[in-house]
Amino acid sequence: MELLSGGEMLVRALHEAGVEYIYGYPGGSLLHIYDAVYKQSAVKHVLVRHEQAAAHMADGYARATGKAGVVMVTSGPGATNTITGIATAFTDSIPMVVISGQVMSHLVGDDAFQETDMLGVSRPVVKHSFSVRRPEEIPELIAKAFYIANTGRPGPVLIDIPKDMTMPNERYEYVYPKKVKLRSYTPPQRGHSGQIKKAVELLLAAKRPVVYSGGGVIIDGSSDKLRALVDRLDFPCTSTLMGLGGYPGTGERFLGMLGMHGTYEANVVMHHADVILAVGARFDDRVTNATNKFCPDAKIIHIDIDPSSISKTITADVPIVGPVGTVLDEMTALLDEAGETPDADALASWWKQINDWRPRHGMRYEKNDNGLMKPQEVIEALWTATKGDAYVTSDVGQHQMFAAQYYKFDKPNRWINSGGLGTMGFGFPAAMGVKMNFPDHEVVCVTGEGSIQMNIQEMSTCLQYGIPVKIICLNNGSLGMVRQWQDMNYEGRHSNSYMKSLPDFVKLAAAYGHVGIQVKSRDELPQALDDALNKYKDRLVFLDVAVDPEEHVYPMQVPLGSMRDMWLSKTERT
Amino acid sequence: MMRHIISILLENEPGALSRVVGLFAQRGYNIETLTVAPTEDPTLSRLTMTTHCDDRKIEQITKQLNKLIEVVKLVDLSEGQHIERELMLIKVKAVGAQRAEIKRTADIFRGQIVDVSPCVYTIQLTGATDKLEAFIDAIGSAAVLETVRTGVSGISRGEKVLSL
Ligand SMILES: Cc1ncc(C[n+]2csc(CCOP(=O)(O)OP(=O)(O)O)c2C)c(N)n1
Ligand SMILES: [Mg+2]
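Here the protein sequences come in this chain order: G and L. My numbering numbers the first residue of the first sequence as 202 and each following residue consecutively. My numbering numbers the first residue of the second sequence as 1411 and each following residue consecutively.
Just chain G, same shape as in the assembly (with noise of 0.2 Å):
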């Protein structure tokens, strides 16, 4: 029988958990902690420079892996930073687990020094919480709160530690639990099979399908599944902005991705589809745009994990709760079964229209002839650049959209964005997430100069454990997305969105001892690329690109309007 402490046990916890990483910053409530991290070297600790970059940072390494990523942090202020990341992992389904400290037992609810009511302040952006009662209940704790984390429809869990927990000279039998069993919580293993056969039979019988893939293919690790199966329907797919990959983005039958800024074809498909497979999508504002016009003619199939976001904000004709990739498998076993095809002469023509549609946009945009580059060229350059094999994170904004829809990601789990939440300043510590775990791979951060800075000091992490992500700020001098919402309707009113001091970002890249380069023309992207990719590649780079500003996304749905309504350029629409 092994005695521990309690801060002991929650070290050799993680280990067992299979944690690799820990992305924190200590304080008084962690103190005994931090010492049990000291003595041993299984589990190692990264030290952020700001709370809420270790949550992103967290949250980028499980958006590569799959596996939950692991935060710690201290009791109040330590705590309250780390916020916006776990929100922004739980409306995105990431898998996270964040390990706050707390004041002793005795001082909670006494306004404590450092004191804060982290679960009650936590508790509308967290899957589940903790809080530890008894130092011997901490291994059992963390086995749930991973198997909580990483199963069902994924998310944060929130595990609070009184510092009276992990006292170095207590000691209780360290018992790890081998399975972890919950009465009340019994995630969905597959889909109703009369369903399922339902659903089979619809797809069989369409005559203008399609295939609306989301983040839910990527996070079940489903993706070769989708591609089968979309292949063998020969069915064209779109995707949401968090499903990007799912689908090759290069494939012939992609259409790009569907929404708020989803590319024509992809809004017009859906628009007319007389059946829709949604996998692992839930029909998000920014995808359907108004409801009640919302693909009058579609029969849907709905599979999600979560039956909660079935029949949310579009009522499903078929829904199938379940994990995408059982039901997946079920759909082709029947298929097989069946042996039959859908219909060769309507398929043939439903993709004869959608060639007819596919020009009618194409993703042009004008380059200016002298004078500033466009964002979108950038990031075709950046493709070429990396022969679209990148891992690719990125911030809010315009360059978000560009990046979306102008890096053609073949793999899934390559594109790592703060869909949901639209968090400016995840973008970066993403990107160190992603590139500790993957040392060999292009890790690229593409940024504004807005969202760069509210996570910039996170340069001085990459310096101490060397972390060499290439940094790719698509510098406009404006809050892009902002400024073209006031362009559109606010008569180019452009209330600060105006960056008037923007600091030297590459001067500020060499203060903290990275390598920075300006790139003002169209000539000089290709060698500053190389150079950042070939010539520096053990360090980090900050590529600060002049773009034009005066740039806007398109296409763009029309607010209160159908998939199909669209403006397709400053001047044109639908």
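Don't take every hint at face value.
Beyond 10 Å from chain L on every Cβ pair, some chain G residues (computed) [to be verified]:
(1) Tyr375
(2) Arg561
(3) Thr587
Quick list of in silico lysine-lysine cross-link-like pairs, BS3-like style, CA-CA up to 30 Å [stated by the list, open to error]:
(4) G/Lys268 / L/Lys1477
(5) G/Lys568 / G/Lys736
(6) G/Lys382 / L/Lys1483
(7) G/Lys513 / G/Lys408
(8) G/Lys500 / L/Lys1473
(9) G/Lys609 / G/Lys771
(10) G/Lys380 / L/Lys1477
(11) L/Lys1477 / G/Lys379
(12) G/Lys268 / L/Lys1473
(13) L/Lys1477 / G/Lys382
(14) G/Lys399 / L/Lys1473
(15) L/Lys1477 / G/Lys513
(16) G/Lys612 / G/Lys588
To be clear, the hints were calculated from the coordinates, so they are not data collected in a lab. Note that beta-carbon positions come from the ideal geometry of N, C-alpha and C, so glycine has one too.
Fit chain L with the ligands to the given chain G structure using the hints.
Relative to the frame of chain G, chain L with the ligands by itself:
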């Protein structure tokens, strides 16, 4: 808009109730009544809440509640035959001739006078919500000094049970 009686078996743990209540606040659902107490199994609480909403909303509410880890089982009692009761303690002004009249009214409603002072009766009454309201109407609001109600508790009729 229909009245729903949602009955929940909940892990009897600190914080569980705040998650249920928080969910309602956070998602803009409205709680009309709420009662909660431990069951014969001390690890479980039984919670009953009533709310008025349309079909789409109640579907979301029950799905969201079911997602809470501490919610073990849930039933919407208003979907089937059920019994519902509420307990009310009510203090009414009782002087002179009114005293006999109030006593008679309480008897009709099967209420019990549980405390008496020279000018005040305290009456205990159980029943469905509309019965309690009918009693207040019968007494006349001018005579009512104070009311306290437990909120609705409910259980299904017949063999159906909500248990592990
Ligand atoms: C934390 C946070 N604050 C505010 C916003 C609102 N917002 C969305 S995009 C945007 C502008 C982003 O500017 P920049 O990073 O320069 O990107 P650009 O749109 O110029 O490419 C703002 C302020 C947000 N998404 N996140
Ligand atoms: Mg900008």
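Hint by hint, here is what the structure shows:
1. Tyr375: holds, 24 Å
2. Arg561: holds, 36 Å
3. Thr587: Consistent with the label, G/Thr587 stays out of reach of chain L, its closest Cβ about 39 Å off (over 10 Å).
4. G/Lys268 / L/Lys1477: Distance of about 21 Å is within 30 Å: holds.
5. G/Lys568 / G/Lys736: Distance ~28 Å between G/Lys568 and G/Lys736 Cα, so the pair holds.
6. G/Lys382 / L/Lys1483: Holds - the C-alpha atoms of L/Lys1483 and G/Lys382 are around 16 Å apart, at most 30 Å.
7. G/Lys513 / G/Lys408: Answer holds: G/Lys513 to G/Lys408 is near 26 Å, not above 30 Å.
8. G/Lys500 / L/Lys1473: holds, 23 Å
9. G/Lys609 / G/Lys771: holds, 24 Å
10. G/Lys380 / L/Lys1477: holds, 21 Å
11. L/Lys1477 / G/Lys379: Within the cut-off at roughly 25 Å; holds.
12. G/Lys268 / L/Lys1473: holds, 26 Å
13. L/Lys1477 / G/Lys382: holds, 16 Å
14. G/Lys399 / L/Lys1473: holds, 23 Å
15. L/Lys1477 / G/Lys513: Within the cut-off at roughly 14 Å; holds.
16. G/Lys612 / G/Lys588: The given pair, whose Cα atoms are some 12 Å apart, holds under the 30 Å limit.
Every hint from the earlier list agrees with this structure, and none is contradicted.
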